[in-house]
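Asks: These are the residues of each chain, in order.
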Amino acid sequence: MSNKEKEPLFSAKNMKLLTGPLNQNNPITVQILGICSALAVTAKLKPAFVMALSVTVVCAFSNLIISLIRNTIPSRIRIIVQLVVVAALVILVDQILKAYVYDVSKQLSVFVGLIITNCILMGRLEAFALGNKPWQSFLDGIGNGMGYGLILIILGFVRELLGAGTLWGYRIIPESFYEAGYVNNGLMLLPPMALILVGIIIWIHRSKNKSLCEK
Amino acid sequence: MENILSIFVRSIFIDNMVFAFFFGMCSYIAVSKTVKTAMGLGIAVTFVMAITVPVNYLLNEYVLKPGALKWLNAAYADIDLSFLSFIVFIAVIASIVQLVEMVVEKFSPALYNQLGIFLPLIAVNCAIMGGSLFMQERDYVNVGEATAFALGSGIGWWLAIVLMAAIREKITYSNVPVPLRGAGITFILTGLMGIAFMIFMGIQL
Numbered sequence: 001m002s003n004k005e006k007e008p009l010f011s012a013k014n015m016k017l018l019t020g021p022l023n024q025n026n027p028i029t030v031q032i033l034g035i036c037s038a039l040a041v042t043a044k045l046k047p048a049f050v051m052a053l054s055v056t057v058v059c060a061f062s063n064l065i066i067s068l069i070r071n072t073i074p075s076r077i078r079i080i081v082q083l084v085v086v087a088a089l090v091i092l093v094d095q096i097l098k099a100y101v102y103d104v105s106k107q108l109s110v111f112v113g114l115i116i117t118n119c120i121l122m123g124r125l126e127a128f129a130l131g132n133k134p135w136q137s138f139l140d141g142i143g144n145g146m147g148y149g150l151i152l153i154i155l156g157f158v159r160e161l162l163g164a165g166t167l168w169g170y171r172i173i174p175e176s177f178y179e180a181g182y183v184n185n186g187l188m189l190l191p192p193m194a195l196i197l198v199g200i201i202i203w204i205h206r207s208k209n210k211s212l213c214e215k
Numbered sequence: 001m002e003n004i005l006s007i008f009v010r011s012i013f014i015d016n017m018v019f020a021f022f023f024g025m026c027s028y029i030a031v032s033k034t035v036k037t038a039m040g041l042g043i044a045v046t047f048v049m050a051i052t053v054p055v056n057y058l059l060n061e062y063v064l065k066p067g068a069l070k071w072l073n074a075a076y077a078d079i080d081l082s083f084l085s086f087i088v089f090i091a092v093i094a095s096i097v098q099l100v101e102m103v104v105e106k107f108s109p110a111l112y113n114q115l116g117i118f119l120p121l122i123a124v125n126c127a128i129m130g131g132s133l134f135m136q137e138r139d140y141v142n143v144g145e146a147t148a149f150a151l152g153s154g155i156g157w158w159l160a161i162v163l164m165a166a167i168r169e170k171i172t173y174s175n176v177p178v179p180l181r182g183a184g185i186t187f188i189l190t191g192l193m194g195i196a197f198m199i200f201m202g203i204q205l
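Chains as they are written, first to last, in our numbering: chain G, 1 to 215; chain R, 1 to 205.
Treat the hints loosely; a few may be bogus.
[As the list claims (entries may be wrong)] List time: in silico DSBU-like cross-link candidates among lysine-lysine, alpha-carbon distance up to 35 Å: (1) G/44 to R/33; (2) R/170 to G/210; (3) R/70 to G/98; (4) R/70 to G/106; (5) G/210 to R/36; (6) G/46 to G/208.
It should be emphasised that the hints constitute simulated quantities derived from the structure, not laboratory data.
Okay, chain R solo, but in the shape it has when bound (with noise of 0.2 Å):
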């Protein structure tokens, strides 16, 4: 239980997926304008997040790791499909996304008449590719690990995004040189907090 509850505050802070590894950055720049859908995004990605990593980690160590055929039967033992992972985590990844986008559709049309292109276009994070890849990377002992990780690289990634749009937000008043408006400016604030962020990097969990 404590393991689980570590893996959940440092995916959150320590190995934050915006300001640790980058990922996402392409929607994290692009809908960071406004705090309202950058908090429906925020939203979005940490519940697909929340579902695929899973997802993924059964199909890991059922299908996809050396030997997970073992359970079938004992003469799979040393087939290695891990080769296939990309294709299999981006079509759970594609297939899920999919659903969610339908689900939205339904019970919240504002929230998906706001998010426009970008609801199908998290089927490209970066983040949530990248999730499910660190699981596989970090080889989790159970599920439990892997959905924290998950859950909280998630809300670490909505963190960032609400915290960037808050930002962005004031700055708008701002007298930025001409050039480094928009994406420039983005980019060095979020550096400056991926700095600010550093100061989790001493804790030990």
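Chain G with its partners taken away, still in its complex shape (with noise of 0.2 Å):
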């Protein structure tokens, strides 16, 4: 216990912590959370990025917290209490994003809301913060934010580009190849694409990992 506290703050064991979520356990692709808001808010960039960022404030905060007050809760209403620290963090989000991305706000529509049952949060709170110190949640809830929000913005500026031949609502696919014939592919901003663009991440990722393979 002494020594963990001499420990300095970016220590090698505390920087795995922010960087394992990016690659080797990545909350989306080997996880496997909180894949409904990473899906639905992608047809866009914007929008996509302004979620990455609302999550990682709100993983990182909510671990901080509950990791704070994690030897004063009783285990049988702790998913309440974790719900309860989550939904105020959302509702201090969402009122920000109101007030300073109006626009944004109104095209993630419910989806600020649902950051409160992204299974990302819980599943952090629940495997990390209610047995860690302070500092280290801290660092997983950044970690874990980036991770997700890493693929939000593949996945983001895929649909996009190749959807709507924009990107951050600039266009970025000349106006002369629309003229030769090029024509977006507007599959790619309708839902299905994007369950089928996550499982072809996955398919990449695990193929450069073959630890991650199953079976």
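Fit chain to chain and form the complex, with the hints in mind.
Replies: Dropping the structure here:
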């Protein structure tokens, strides 16, 4: 216990908490958590980015708060306590989004509220924050939020580029392409394609990391 | 009455929770390995949804909406509590899930053991919370419509997970590329099923 307190803030072990979720332990492709919002908000890059940021913030701070009070929560009612903490943070994020980026907040519609039931949050709270110190939990929250954000941004990038020919609302594919007969792939913007893209990302990721394959 | 019926059919097929909005994907992927457990979870989700959405509808209508407290006192007409809706909805859902858990444990221990960890996790199933939030956003005019929507969405989710489980039981005999096994192929199959479900999109109700 005592040597843990002497540990530097950014020791190798702590850095691993931060970078692990980006690759080996990615919340979406490996832990298969938090899929709902990952798919629904990624038709465009901008909402995907805002969503990734919101989830990272909520995940980091809920991990921190639960970790601070972890010894005082009775285990029978812990789920409700966790939900209340997360819900309070999400309300804050929702109000901030409404105040500063109203159009994105309208596009995200119910999915901001659904951060509460995002399995990544509950998963990390249950699996990590309840048994670890505040600083490690905070890093773990940021790491998982970033791992989630990474996949969201890849999805948003591919879907907006191929589906609408734009990025962040700016036109990327030049007009001359369209005149030469290039057509946007409208299927990219529809829900089913998001699922298939995640499937393909998992496929690529696992064929690079053989240890993650099932059976 | 026709309106209620059309909302019901619409929420099963056209606005299917899984294929159109991806709600409840986490448990959908994790529990769809065998038809039997999928069936149990589907029933539990439908049940919880059919209770929580009408309850949340009434709360939204009489407590949370701007001016909803008018029935209490005319002076409260300009109070807007809608910013509290997330926390109220999730509290209602969590307590009803706790209740369902106790009922299932008492009357069907076999089902209880089978569902295991997933029963408490229904509380964080996005489909349930999503149902309440959509109910709030779409402004159903009375509690009947909200119930029809809840029941339809629940059945739609149930249908989706049972279909998926049936396919996954068969696919264990197929030669899927190794990195794609498990989660990967499930995503792609769900996508293909979503494309199949898009045929309902043109239906006018």
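Asks: Now look at each hint and say whether the structure bears it out.
Replies: Hints, one by one, checked against the model:
1. Under the criterion of a C-alpha separation no larger than 35 Å, the hint pairing residue 44 of chain G with residue 33 of chain R is consistent with the structure, at around 32 Å.
2. A C-alpha spacing of about 25 Å is found between residue 170 of chain R and residue 210 of chain G, which places the hinted pair at or below 35 Å, so the restraint holds.
3. Between residue 70 of chain R and residue 98 of chain G, the direct Cα distance comes to roughly 26 Å. Compliance with the 35 Å bound is thereby established for this hinted pair.
4. For the proposed pair residue 70 of chain R and residue 106 of chain G, the alpha carbon gap of about 28 Å is at most 35 Å, so the pair holds.
5. Restraint check for residue 210 of chain G and residue 36 of chain R: the C-alpha separation of about 31 Å stays at or below 35 Å, so the hint holds.
6. A threshold of 35 Å between alpha carbons decides the hint, and for residue 46 of chain G with residue 208 of chain G the separation of about 29 Å falls inside it, so the pair holds.
Violated hints are absent here; each numbered hint is respected by the structure.
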